[in-house]
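**Student:** Take a look at the letters that make up each chain.
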Amino acid sequence: MAEPAPIGSGNDAAVTFDAVVKRFGDVTALNNVSLEIGRGEFMTLLGPSGCGKTTLLKLAAGFLGPDSGAIAIDGQRVNDVPTYKREIGMMFQNYALFPHMNVAENVAYGLKTRHVPRHERDKRVREALALVKLTGMEDRRPRNLSGGQQQRVALARALVINPTVLLLDEPFSALDKNLRASMQIELREIQRKLGLTTIFVTHDQSEALSLSDRMAVMSEGQIRQLGAPLEVYRRPRDRFVASFVGDTNRMRGELVGIASPDAVIALGEMRIKVPSETLSGAQLSAPIDLFVRPEHLRITPAGEPGTIVGKVVTQTYHGGHVDLLIECRACSEDHLLIRSVGDQALLRWPPDTEVGIAIEAEGCAAFPVA
Amino acid sequence: MTPRSTYQRLLGWAGLLVVILILSFLILPAAVVTIAAFNDKAILSFPPQAWSWRWFARALEYQDFRDGFKNGMIVTACSSSIALLVGAMFAFVIDRYQFAFKRVIEGVLVSPLVIPHFTVGLGFLILAAQIGWSRGFAVVVTCHVILVLPFVLRSVYVSLRNLDQSYELAAASLGATPLRVLLTVTLPLLLPGLVSGWLFAAILSFNEFTASLFVTSQRTQTLPVAMYNYVREFADPSMAALSVMYIVGTATLIALANRFLGLGKVLNIEQNS
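Chains A and B, in that order, give the protein sequences.
Take the first sequence: its position 174, counted from the start at 1, is 158 in the working numbering, and no numbers get skipped.
In the working numbering, each number is its position in the second sequence, counted from 1, plus 481.
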């Protein structure tokens, strides 16, 4: 795995948001957001619609101006710099390829505005199209291209100008699942090869987990957690992040012991040790929400000590892994989701089988009940 | 397919009949005039007893019609072009900017739709007399600009609404100045809307009669006015012949627009893909 790019201190960052506030009428779209994106870093802004991620991207692009706070690209404050003077490459959700121009003209557009001489322009267009594997498509019109090809043109058009930062606004949402996966890999490869600073906006948490160097999980105009995907997945900092990123199960427990750095949660007969940092302020015997990843639950024979009792609802085979839905009294939501791989995935569990469920303390996050 | 009852079948036939009747009704006047145009007799009788092309020749030779056609072309070309320019600018401003009295300005711009043409014509006549404006082409063109402006405005405004703003944002992100965005992205993408607006304006202006009757003089009379003056003195089928040429001319124009731009786009009933 690539090392996450070092996080710059102020002027070393490619893009900096400093205490940015943006309001639309009564709605606060961004509430005092600060974020530094290092050179060459692939930063994902993840969140549900309306969380402010797209607004943040538009501020970077200069489509919007902040109400207060500062935005800097390459160490230069750009609050008052119009979009066309910022060195950005942007890919839109619908690609926004110019329908009245062919592929080559689309890609050449940003070079023409920069008055690049013709022979160099032609050369760079050729190189950019080769990079996205579209050589030979120069004369096609966008409407005669498939969705994947259109996306490649959009990428070539954004890359050919050697932008300081690449801005991606949900570029994969219009593609079907298989194409999406291969385009993601390709995009990430190109991004690494060029060492291109990238801000990627998505509401798809699996996309965020698989692509990012770091990700900022956003909700209600704020960054709820900033970190590498592994860290966000393993150590969610609040309930929102825990439930939004990755599949999870929520169970209701009780705080029975707290001594930094660990706390102990009682779940029926079970005692589970969790990090105490997310439980600050919780009193003993306070109700606690325990979030457990489905791969950290394990099926055991019914009645085994240290487990909770449940009943199989369905078993769904996914090839690489198996998902089991379990009905149990201890969980606050309807069903528990258990995901197993390897030998565990080979076992058959007919509906209504009584089973025991063991929890691996590793994969738990606990928060006081809101 | 489910079997259809007699009742349903009857309803289907009745519906078809109604549609055919309505359509025939729409083209009825044009059909009557077209047939009358080929009447050999010097009266506008229907149906004709003998056939001839001679009224077409007569219409083409008649000096007042020739002048009227020329004047009409001048007025139409000037007024629809000016209306396009003014209307497009207003459409842009209304679509893109928020400002005080926006509704009021919109209302004023489309007001010629509710003010009768003779009122506009009369108003201009009084005004021109008052300020000593000679009844030349300027008065006629100005009057026509006002009458066709709402249609141009509407057409361009609808195209602007349908224009996905991300094209312009993409151009800006690629380093294009606002002027360059306008010239290389916005205007080319708006072209069908602009052409359709111009075309509507041209057809309306060329056919405009009521207001023109007030503001034209013997020297500047447009074709409809010349036709009116003709029909006051004569009642031969040359009027009908002229009407047929009118219809053919307009239809050709629309067919050409359809050929090169697509009628759906020109009439703004089709979304840009």
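These aren't lab readings, by the way, just hints derived from the structure by calculation.
Don't take each hint at face value.
Which residues of chain A face chain B? A few of them, derived with a C-beta cut under 8 Å, are [claimed, not checked]: (1) Ala45; (2) Met74; (3) Tyr93; (4) Arg141; (5) Val240; (6) Trp333.
Quick list of the computed label-pair ranges, beta carbon to beta carbon [what the hints assert, rightly or not]: (7) Leu594(B) <-> Arg125(A): 37 to 47 Å; (8) Arg125(A) <-> Val729(B): 29 to 39 Å; (9) Val574(B) <-> Lys161(A): 39 to 49 Å; (10) Arg577(B) <-> His99(A): 26 to 36 Å; (11) Met554(B) <-> His99(A): 34 to 44 Å; (12) His302(A) <-> Ala495(B): 51 to 61 Å; (13) Glu71(A) <-> Val595(B): 44 to 54 Å; (14) Asp645(B) <-> Pro335(A): 45 to 55 Å; (15) Asp645(B) <-> His99(A): 50 to 60 Å; (16) Val595(B) <-> Phe8(A): 53 to 63 Å; (17) Glu215(A) <-> Asp645(B): 54 to 64 Å; (18) Gln579(B) <-> Glu215(A): 35 to 45 Å; (19) Gly730(B) <-> Ala114(A): 23 to 33 Å.
Ideal Cβ positions, reconstructed from N, Cα and C, are used throughout, including at glycine.
**Student:** Could you check the structure against the hints above and give me the numbers of any it violates, in ascending order?
**Tutor:** Structure breaks hints 5, 6, 15, 16, 17, 19.
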